[in-house]
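Visitor: All chains, full assembly: derive it from the sequences and hints.
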Amino acid sequence: MSEAVSESPVATPKGIRGWLILPAFGTCISPLVLIASLVATMPNYDRVWNLRGRLPTGLMAFISVEFIGNLAFIVGWIAAVILLVTKSRGFPRLYVGLMLGMLAFLVADLLISSVAFNVSPNPSDVTSIVRTAFVSAIWCPYMLSSKRVQNTFVS
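With the first letter of the sequence shown counted as 1, position 100 gets the number 100 in my numbering; the numbers rise by one all the way through.
Calculated directly from the structure, the hints in this document are not laboratory data. The beta-carbon is built from N, C-alpha and C at its ideal position, and this holds for glycine as well. Treat the hints with care, as some may be off.
Stated by the list, open to error - What follows is a list of derived Cβ distance ranges for each label pair:
hint, residue 1, residue 2, range
1, A116, L144, 28 to 38 Å
2, K147, R52, 17 to 27 Å
3, V126, N44, 17 to 27 Å
4, G69, R93, 33 to 43 Å
Guide: The following block contains the structure:
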């Protein structure tokens, strides 16, 4: 006589709970922080724009790329918020891409401004790089390997 083995269901972590709350919160505030930062620097961009004929072409190109890059990150984080709330399968990859992209952007910005334009690194710039590297080192592997992330972002 064969007996059916009844196994109790194993609870699988799912949903924006547990540790996933932290990167989810960061995702939601990132576009707001970037917009606030861009708004705060708009007077500087306005001054640069008014001086555009007197500034070196390389510096104008650098500032333009920096501005466009910041706009792209704002759009990217808004897209990440949408993927987060819809629990889209693409969210973890976009999150990792944005975090690593921001880290690369910050490092490149610091190096280019230091080397090409002889601008001394600002302590807040170094702090931003260290903070972004630290957050990336923790949450990027989590996004790629967590069972909760795999079970939550399925649509």
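Visitor: None of the hints should be skipped; say for each whether it holds.
Guide: Status of the hints after comparison with the structure:
no. : hint                    : result
1   : A116 / L144: 28 to 38 Å : 34 Å, holds
2   : K147 / R52: 17 to 27 Å  : 52 Å, violated
3   : V126 / N44: 17 to 27 Å  : 20 Å, holds
4   : G69 / R93: 33 to 43 Å   : 20 Å, violated
Hint compliance for this structure: hints 2, 4 are not met, and every other hint is.
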